[in-house]
Amino acid sequence: MSGFGRELWFLWRDRAAKVWLLIGFAAAGLAVVFGLMEIAAQRETIERLKTADEIERAVTTEAHREDWGSAAYYTFHLSYDAPEAFAFAALGQRDASPWKHRIRMLALEGQIHETDAANPDFALIGRFDFAFVAAMIAPLILIMLLHDLRSGERASGRYNLLSATSADARMLWLSRAAWRVGALAFVLLVPLWIAGFVSGAGAPKLLGASLALLAHLLFWWAVIACVNTRTWTSTVNLTTLIGLWLAFAVVAPAAIKAGVDAAIEVPEGGDIMLTQREAVNDAWDLPQEATMKPFVERHPDMAPYAAIEGTFEWKWYYAFQQVGDQIAEPLSIAYREGRARRDALASRLTWLSPPAKLERALQRLASTDATAALQYEDEVRAFHAELRAYFYPPMFRGEPVTDAMLAERPNFE
Amino acid sequence: MTAALEAINLSVERSKQTVLKDVTFGVAPGEVYALLGGNGAGKSTALLTFLGLLTPKSGTIRVQGRSVSDDLTAARRVTAYLPEAATLYEHLSAHENLAYFLSLAKAATDRAALDRALDRVALQPEARDKRLGSYSKGMRQKVAIALALLRDTPILLLDEPTSGLDPIAIDEFNTLVRSLADDDRAILMVTHDVYGACQVADRIGLLRKGELVGGFDRPAEGRIDTEAVHAAFAGRAVA
Amino acid sequence: MSTIFTIAAAEWRLWMRSRSALAALLAVVLIIAATSVLTAVRFTEEREERTHQQEVAEETFLSQPARHPHRMVHYGHYVFRTPPPLAIIDPGVDTVTGQSIFLEGHRQNTAMFADTRASANVGGFQSLSPAAVYQILIPLLLIALGHGVFVREREARTLAPLLAQGVSGVTLYVGKALALAGLSAALLTPLLIMSLIGVTSGEAIGVSLAVVVAYGAFMLVWSALIVLVSAVVGTRGVVLGTLVFIWLAWSLVTPRLAVASASAAAPSPGKLETDYQLLADLRELGDGHNAGDPAFDALRANLLAEYDVDSVEELPINFRGAVAQASEADLTKVMNEYAERRMALEVRQSRHVNGFGWLSPVLAVSAASRHLAGVDLETHHRFLREAEAVRFDFIEGLNKSHTQELSYTDDINRNQSPEASRRARISPENWTVLDAFRFQPATSNQRFGAAAAPISMLAVWLTSLVVAGVFATGRLKP
Chain A
1 MSGFGRELWF LWRDRAAKVW LLIGFAAAGL AVVFGLMEIA AQRETIERLK TADEIERAVT
61 TEAHREDWGS AAYYTFHLSY DAPEAFAFAA LGQRDASPWK HRIRMLALEG QIHETDAANP
121 DFALIGRFDF AFVAAMIAPL ILIMLLHDLR SGERASGRYN LLSATSADAR MLWLSRAAWR
181 VGALAFVLLV PLWIAGFVSG AGAPKLLGAS LALLAHLLFW WAVIACVNTR TWTSTVNLTT
241 LIGLWLAFAV VAPAAIKAGV DAAIEVPEGG DIMLTQREAV NDAWDLPQEA TMKPFVERHP
301 DMAPYAAIEG TFEWKWYYAF QQVGDQIAEP LSIAYREGRA RRDALASRLT WLSPPAKLER
361 ALQRLASTDA TAALQYEDEV RAFHAELRAY FYPPMFRGEP VTDAMLAERP NFE
Chain B
1 MTAALEAINL SVERSKQTVL KDVTFGVAPG EVYALLGGNG AGKSTALLTF LGLLTPKSGT
61 IRVQGRSVSD DLTAARRVTA YLPEAATLYE HLSAHENLAY FLSLAKAATD RAALDRALDR
121 VALQPEARDK RLGSYSKGMR QKVAIALALL RDTPILLLDE PTSGLDPIAI DEFNTLVRSL
181 ADDDRAILMV THDVYGACQV ADRIGLLRKG ELVGGFDRPA EGRIDTEAVH AAFAGRAVA
Chain C
1 MSTIFTIAAA EWRLWMRSRS ALAALLAVVL IIAATSVLTA VRFTEEREER THQQEVAEET
61 FLSQPARHPH RMVHYGHYVF RTPPPLAIID PGVDTVTGQS IFLEGHRQNT AMFADTRASA
121 NVGGFQSLSP AAVYQILIPL LLIALGHGVF VREREARTLA PLLAQGVSGV TLYVGKALAL
181 AGLSAALLTP LLIMSLIGVT SGEAIGVSLA VVVAYGAFML VWSALIVLVS AVVGTRGVVL
241 GTLVFIWLAW SLVTPRLAVA SASAAAPSPG KLETDYQLLA DLRELGDGHN AGDPAFDALR
301 ANLLAEYDVD SVEELPINFR GAVAQASEAD LTKVMNEYAE RRMALEVRQS RHVNGFGWLS
361 PVLAVSAASR HLAGVDLETH HRFLREAEAV RFDFIEGLNK SHTQELSYTD DINRNQSPEA
421 SRRARISPEN WTVLDAFRFQ PATSNQRFGA AAAPISMLAV WLTSLVVAGV FATGRLKP
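Residue numbers (the numbering used here), protein chains in the order written: chain A, 1 to 413; chain B, 1 to 239; chain C, 1 to 478.
There are no misleading hints in this set.
If you only want the chain A side, here are some residues facing chain C, beta carbon under 10 Å, derived:
#	residue
1	Phe34
2	Ala90
3	Lys100
4	Gly110
5	Thr115
6	Ile256
7	Glu268
8	Glu359
9	Gln363
Derived pair list, reagent style DSSO-like, types lysine-lysine, alpha-carbon separation capped at 27 Å:
#	chain 1	residue 1	chain 2	residue 2
10	A	Lys50	C	Lys271
11	B	Lys209	B	Lys57
12	B	Lys57	B	Lys21
13	B	Lys137	C	Lys477
14	A	Lys18	B	Lys130
15	B	Lys16	B	Lys209
16	B	Lys130	B	Lys106
17	B	Lys209	B	Lys21
18	B	Lys16	B	Lys57
Hints listed in this document are in silico derivations from the structure and should not be mistaken for laboratory results.
Model, not experiment: these values are computed from the prediction.
We treat Cβ as the ideally placed atom computed from N, Cα and C, and that holds for glycine.
For reference, chain A alone in the conformation it holds in the complex (with noise of 0.2 Å):
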């Protein structure tokens, strides 16, 4: 028996430890399976709704095309954040922040907060994704493994016979854990890489998940090495470990959040859509050029059209849909930026939570953190600034609806 190998093989003798690592290996596999499963109804769900849109436009599209608008005021345009491939890891934001919209020319500041939110008991339990299992369940199965190493063997009086016997007792001790750790990651690891593989992942962002996992690892190795270095019994050893567990995967990401959302004011999100309400309604009772001036310094280039005739007109009606978001844009500022400083901060702070950083981490990878929510959110405000920019001329320059203007629609990607 080498001294490489020796060790692995007494691994392979304990049933205990075989247990629990059968229990990350099935944990992993069932979450990346779960992950995948997720990612896939999600494609199909946007697939569907692609299709559906394709003829809800086209049926809306020719019902209206008296003037532009109308054709802009009647027609709906899906926007979607496809999930990545790596996103099967991390489900992460994806229940709580959308991911898909059907917005027209009216005022965005109305639509874009509108969530399609699934069942809330689910947002409320959680998924079990491959992030879950790295950040809280890998921990405890590691305590499992590890915090009886030195003490099992004292309590079985094995402990001076080792040390007597062995040539290098230090390197008995790190080789029996070292093959704990990398067992547990092998078996977590496996499962990821597989299903990366199935989904097309990529090989960097797997090999970044399986960095932080391992990275996570060691720092659990070290809490535990730490604790079993005093002559406790393992009952102590374990009832701490699970006590530090619980502050660090369960306490402290319950006080950071806590203590960010304290620290970091952010408005009301129903305050925007009021403001931006009021400042739609009120523009009804406003004498006309109230609306046009705040419009034509955004869009000076629609200046010459600017002047409206009559009690209504369209471009009227859509200038103070703009300039309701105009009013409403410092309190949206305010919003958005209020949510990427809490984000920020939690990033920081999270440094005092292994847990949470690692799945803020897989979750950064698979682009469903808040970040991505955020880069969403604006690719849906470039999409309607798009559209706006489209119907704006021709409507207010009065020109017809043309089958080559309408070819030219912007489309979200």
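Please arrange chains B and C on chain A, whose structure you already have, making use of the hints.
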């Protein structure tokens, strides 16, 4: 002749309590030395200090003339240790336990050698591939002794080797220890069993509250006088 | 009886003398205190804030100037879901669902701006409420303190002398279980205080105490399990390993597996997707803004016949208003069908999840807690339905004013000049069609009804674990 094991003015503290106080003795090759003492006399502490698992507060311990604290690895290479109520891994068989521990000691392990050692301790061949969990206490002890034999070291440290064994097993064990000493090994055993010590030991050191309070040598013929040792152990004056 | 008490008291004394047990107890008590205070402060504020917002929204609506009635239909109104008093124990779905809905004509909006979206993302369990502490953390404390009740005696070889004293295994079991039950009762004190605070904010005393009882039953389930495992498993390490494994399976794994299973068994297409089908259905109903839509030909013919006139201009009522009224009613019927279908699906999913309470008492107690506190999915659905009722009432009220208070001629000429536009307005008295809305928690009976299933799950868990414990300790070997 240099002593294989030497303790010179050895004092050891554990948890700030003095456990051994100014103890001096030596064990020569081919000799069985028994440290005899009651509970808490400091017997096991002496063994653990020879193994380098405890550090002396003052004094010196030497293995084959070299200080243990200077070269722990060398000391361990020449020392085999049989712990009290030796518990090897219950989920492994005799063969597997031996192979595992020998690998730890970086000693060669071929199956024939393992069987020769198990033959010498008289472990039934049909039990050797069964898990230790199914063994009796005496059988487990035999495996532990086989391990000590296989290390093939010039020095053996035995901690309460016969506690919990039945009389037949004790007899077998004592015979074995004698034959090992006859192979020129230095054997240090600690025990509270007066009768057993007198049966196998060439010399006995009586330990009480960390101090060496008496010594007995085997006469040229026969054994050390059990009665005398017993009286000394119990603190009575010998007539 | 006194023997049982002596056995229990021995355990208590042991915990009182163990520094690590006291430290663990202290840590958990601090966590309970912190989460209780934070959650109580937060939800008391939320209750006041949302009640206030509701009042402001109503005042704003009523103080609108004279307008064209359809303008008010689009001006819309807000309703807020006020959390029930017991949300200070269990906020339930309150944090993951939007708390307000914008009500307007022709549309059923979703509840907006769930807290979870804007707050910091830290993964895992995120926020801790008293409910979460009792569901997840307390069992760990019970395990840490209680796992040794039998196995400690076995390892110290004191079990044989105890049995030799003539103490039966069952007596030992009851005594040890009583020790853990007493600890559980002490740990329930903060929860009892919170539920009494709930009572002072207007919660019925029955459901408030029932929440405490449900958590008490849950802790007894754990106590019974711990004593059972400690009695039947040989060594301390294996006892702890088994209990930690069960805790992991019950608290972390099963609930999330239940979610995965429910979303596979009853996949929900999402509102956006069903909206496409809804739109196709609605097109057949006609556009209520366009009285010329052929879909309203029948309505026109009926009205002309009813009032015996030849043209819509001659009708004593405003035809545009009548179209708006009729189309809103038709539209609402279709939208409600879709909404009901979606809610029924969600209820099915949640039942599916709650069914896993047979595998994990954590799911059973969390369902019971949400039902009893009035923060369950059904409460959210009731909010959606009540909001829809408010919406339909005031929209149709406005449409009725449109039909009766505004002449058809003024209405169709409203865009001719600023003067004509002013003529096409009705006075603000008409805005009083809006009823005051205060979201009320479900009645105690409804909540008990909803909680009956998970509570009976807890009862079955407790009974079977106790039976198993008595059976196992009846044949207790040292």
